[in-house]
Structures are given as structure tokens and as C-alpha cells.
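Protein chains in written order, with the working numbering: chain A, 358 to 655; chain B, 746 to 1008.
A portion of the hints provided could be inaccurate.
Said to hold, decoys possible - DSSO-like mimics (lysine-lysine), calculated; alpha carbons at most 30 Å apart, straight line:
no.: 1; chain 1: B; residue 1: 747; chain 2: B; residue 2: 841
no.: 2; chain 1: A; residue 1: 622; chain 2: A; residue 2: 560
no.: 3; chain 1: A; residue 1: 560; chain 2: A; residue 2: 506
no.: 4; chain 1: A; residue 1: 506; chain 2: A; residue 2: 360
no.: 5; chain 1: B; residue 1: 841; chain 2: A; residue 2: 425
no.: 6; chain 1: A; residue 1: 506; chain 2: B; residue 2: 747
no.: 7; chain 1: A; residue 1: 560; chain 2: B; residue 2: 793
no.: 8; chain 1: A; residue 1: 360; chain 2: A; residue 2: 425
no.: 9; chain 1: B; residue 1: 945; chain 2: B; residue 2: 965
no.: 10; chain 1: A; residue 1: 622; chain 2: A; residue 2: 360
no.: 11; chain 1: A; residue 1: 506; chain 2: B; residue 2: 767
no.: 12; chain 1: B; residue 1: 747; chain 2: A; residue 2: 425
no.: 13; chain 1: A; residue 1: 360; chain 2: B; residue 2: 841
no.: 14; chain 1: B; residue 1: 965; chain 2: B; residue 2: 793
no.: 15; chain 1: B; residue 1: 793; chain 2: B; residue 2: 945
no.: 16; chain 1: B; residue 1: 793; chain 2: B; residue 2: 747
Hints were generated in silico from the structure; no laboratory data involved.
Given the structure is predicted, the values throughout are model-derived calculations rather than measurements.
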Amino acid sequence: MLKIEHLSKTYGQRRVLQDLSLSVGAGEIYGLLGPNGAGKTTTINILCNLLQADRGQIGINGQPVSAKTKCLIGVAPQETLIYRHLTCAENLRFFANLYGLTGRGQRERVEACLAAVDLADRAASVAETLSGGMQRRLSLAIALVHQPKLLILDEPTTGLDLEARFAMWELIHQLQRDGITILLTTHLLDEAERLCDRIGMLKQGQLLAEGSMAELRQLIPAQEIVLIQTPAEDAAIARAAALNFPQRRYGRDLAFWLPQPMELKAILTQFEGIPLDSVSRQPVRLEHIYLEVMQRSP
Amino acid sequence: MKYWYETIAVARRILTELGRRKRSLLFWAVFPIAVLLLNGLIFAERSKTALPDPLTLGQALERAAPATLVGAALFFSCLGGSVATVVSEREHHTLKRLFLSPLSGVSYFLGIGLAHSAIAIGQTLLIGMTAVALGARFQGSIGLAAIVICLSILAYVGVGFILGTQLARRTEDVNTLVAAFGVPLLILGGAFVPAFIFPKVLLDLAQYNPIFHMNEALTKIVAEGNELAEIGFHFWFLVGFAGLMLLAGWLSYRRMLQVERRL
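Isolated chain A (complex conformation) (with noise of 0.2 Å):
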């Protein structure tokens, strides 16, 4: 659905995207992982055709990208970028028509979006008085009125609480159903590693790691990683190099990986003699994986 080829663009002097390639393929949701300034909006600028790469190809759908192909992509920006003084039923409406949707086809069209992200009951709402989390829905009805093949989705729940949150993420996986292809951006990993089948991590507009969670995991040797807090850090730190269990920080939390998975009664064992005020096993989650990624690279 979506081929990204040898990209690159460069602002001035400073290298924005540098050889980016990746693909999603059609019904898959791809996650885009990166600090700020990675280049993941640049690459969603490119996409839209908002902005020239230097080099590089895309083709979305079997096509490049032109004007054409902006009736392909449904993009649902990070703002809630909606018309406030409208009610929901009349921005979708007014975004319908600028997509060329007219009469019958228009109404029904309108009606589904409203139904998809579950704001039909709120049809005649003026968009000011909705919620920040239904807000956010309508800018994703927006993003679905002219049924696009690939919906963009940039940092979709940034800003929303959890109940929100949760909803969202719902309504992404029903997209996902309903066949549509999802690019998606956010700094939130849990939801990347709920929501996407194949994740790209990219720093300085390079693409350093890319795969389905289990193809991630195996860029670390861990099984597990046990988070330890004691008062001998030091002691426990010697006793972790000598059982070759490799040691990070994670914030101020002191963990070790784990080559493969032990209950809580073997790791008490290997500690053993050093004061332990708690142990806690975690599985190799993606921010495990991410921040070892992004902290290997220059």
C-alpha cells in the first residue's frame, strides 16, 4: 500500500531524512517511532504532498505521489484541526464536498463517519461543545469521510485521558478491520506495541530498526528484565557482570537483562548476600527496545 524509497530531504544544511525506506503493507497498521525532530512530520509532509523530497520515491497504492493521491490518504492531524462554530454533521459535510462528494452518496457517507467514531448521536452538536476527546474523534471522522485506502494518524491520542485513550485505541483496531491501511506516529510506546503490527524507529531522519515486536525483541539478549532496588547498588552491580547479566538504568531504576526468563526465587538466590529492598520482572517491552536503539546510535 505504501513504499517509501531511499528518501531524503534536507532543510539548509541540516539533514532532515537521510535514505529513508520502508513499506506498509495493506490492513497494517505501522507505528513511527522517534524523538522530535526525527523526521516524522517531515515524512508525513511528503506523503500529502505538502512539501518536495530531495531524492527518493513513494508510491501509495501502486501510485507516486501527486495531487492525485491526496484523495488516497485521510490524515488526522496531532492539532484537533476542525471547525469550531460547525456542528460535527456540517464539518464532515463541508470536508465531503471539497472531496467531491455530493447527494446521496454524501449523506451516507457523513452518517458511517459519525457512526465509525461514534459521535452520530452528536450530529447537530456544534463541534465547540464537544469534549477534547470527541473533538479528536471528529478530526478522525474528517480524516475517513472520502474513504481513503491509507489513513495517517499522527500522535492520535496525545492530550486525551485514559478513558479517552482507551476509545480511541478501539477505533483504531475497528479501522484496522474494516481493512483500512494505518501509518501512525506517537511518543507513547505502550501504544505503539498495542496498536501496531510492524513498528519503525527512526533518529535524525534515519530508519535504525524496523519490525513486528517479536522481530524487535531480538535486537536485545534478554528474555526478561529484572528492576532492583537496593541500598548496595554497587554490590549488586559486580554480581550482575559476574553472572553476565548485562546492566542499564532506566530513569533511576536499576535493571538487568535477563538471557532467559527466572522465577522470582532464582533471581532472590543469585542476589543472594546483597540487601534487597525489592525485585521486579518485567518482559522486554518496546521502550526497552527503543531505548536501546535510539542510545546504540550517534
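Given chain A, put chain B in place with the hints provided.
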């Protein structure tokens, strides 16, 4: 058809938003009526001392109506309205959403023009009907008057695009722009004070003011029954100015697109 649908969609959206703000709609109606009545009363009173045969209120309104329409009502609806629309889109970033859609720049430009033209036509009818109801009897060519009104609308929308895209980023900027550029031009154009009482130096200066020419052209058509030949200088000045402003407005809009066309 694409341009047609898009233009209508943009215009309908602007008018729907205006309709939702009923208070604003009411003020758009109150403002020209208030200026018309004030201008009419000033004309009528001044004529008692300045003319051998004083004007009736109806005759005074015949002269006050053109000044009120092109000099005040259309200025605020078409110029101020266009600036406000563009600035609001920039301020609320909805312009970015439009960039993502297939909406063409031409349709957007025409849509804003059409929406504010609709408001302007409403104001024209309101002013005309009020003046007639109070005794005014307009003369001259309706077609020529309509052309002058259309040229005035185009000129104002063009200037609105220039100001909205180049000089105003926030809603607050609109006030300062209108205060700095608009009010002096309106006064010098004879919108609030009849031009015939201007001292010579201001009258000479007014020759460079497009609002003065809009005002003079329309007044001479509807109050004195002049034909194109008699208002030629005002008319062609206005044609040139409207064309220039449309071109400059379009170029300003294109420049804004180049600068802001990204998420």
C-alpha cells in the same frame, strides 16, 4: 465542476459559521443602517446652510446611500471579513487541514470572495430598501451601479487577501490593520463625512483614494443619473484598482501557501 463545488462549499461554510453567530449577523445589518441614517441626517442638515434649496431626507439619503454602501458597509464586510476569514483559518490552523484536502487555491479564493459578496449583496439590499422606505428615489443605470458595486467588492476582497495573508497573523491584528489603514481611507473617501465639505488639500489627496472613486462613481450614477461617459475617470480608476488588487491578493495568497503549506 470541481472548482464550482469547492467554491460553493467554502462560501457555504463561511456563511453557515456567520449564521451561527447570530449576534454578528445582526451587527452586520445594524451597522450600515446606522451609518446610512447618520449620513442622511448630516447631508440634510448641511444642505440647509450650504444649498439654496435644502434637501429632503429622501434626497439626502439618495446621496448618503452610496457612501454608506461602498465606503462603509462593503469595506467592513468584504475587506474586514476577508481578512478575518483568512486570519481565523491561520490562527486555528484549519488552513493546514485544507492543505491536506484536494481544495484548489482558486476555489478557496473564489469561495471567500463569494461568501463576502453574498453579505455585501445583503447589505446593498438593506441599505437600498431602507433609503427607499424613507423617501429616496434612485435613478441611473442599475447595471452600471451593479458593476461599480461588484468592482468595489472585488477590490476589497483583494485587499483583504493582501492584508490577511501578509500582515495579520492573529485576530487582534485585524483591529490594528483596520484602524491604521481603513479608518483614514474611509474618512478621506467620504464614507463618514461628505467629500464636498473637504478642504482642497484633502480633496486633492482623495483623488488617490480608491474609496473616494467608488463613492463618487456610485453617487453620480444613483443620485444624479450619470452615465459611464460622465463617471469615466472614477470608473476606470476603479477597474484598474480592482484588477490590481485581485492580482496582488492572489499573489499574496500564493506566497502564504508556499510558506505555510505543511503540517
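Checked hints:
1. B:747 - B:841: 20 Å, holds
2. A:622 - A:560: Distance of about 40 Å is beyond 30 Å: violated.
3. A:560 - A:506: 27 Å, holds
4. A:506 - A:360: Between residue 506 of chain A and residue 360 of chain A the Cα gap is close to 13 Å, so the pair holds against 30 Å.
5. B:841 - A:425: 18 Å, holds
6. A:506 - B:747: The given pair, whose Cα atoms are some 21 Å apart, holds under the 30 Å limit.
7. A:560 - B:793: 80 Å, violated
8. A:360 - A:425: 17 Å, holds
9. B:945 - B:965: Roughly 20 Å between the alpha carbons, so the hint for residue 945 of chain B and residue 965 of chain B holds.
10. A:622 - A:360: It is violated: about 49 Å lies between the C-alpha atoms, which goes past 30 Å.
11. A:506 - B:767: 40 Å, violated
12. B:747 - A:425: 13 Å, holds
13. A:360 - B:841: 24 Å, holds
14. B:965 - B:793: With a Cα-Cα distance of about 21 Å, the restraint between residue 965 of chain B and residue 793 of chain B holds, given a limit of 30 Å.
15. B:793 - B:945: 22 Å, holds
16. B:793 - B:747: At roughly 57 Å apart (the allowed maximum being 30 Å), residue 747 of chain B and residue 793 of chain B break the hint.
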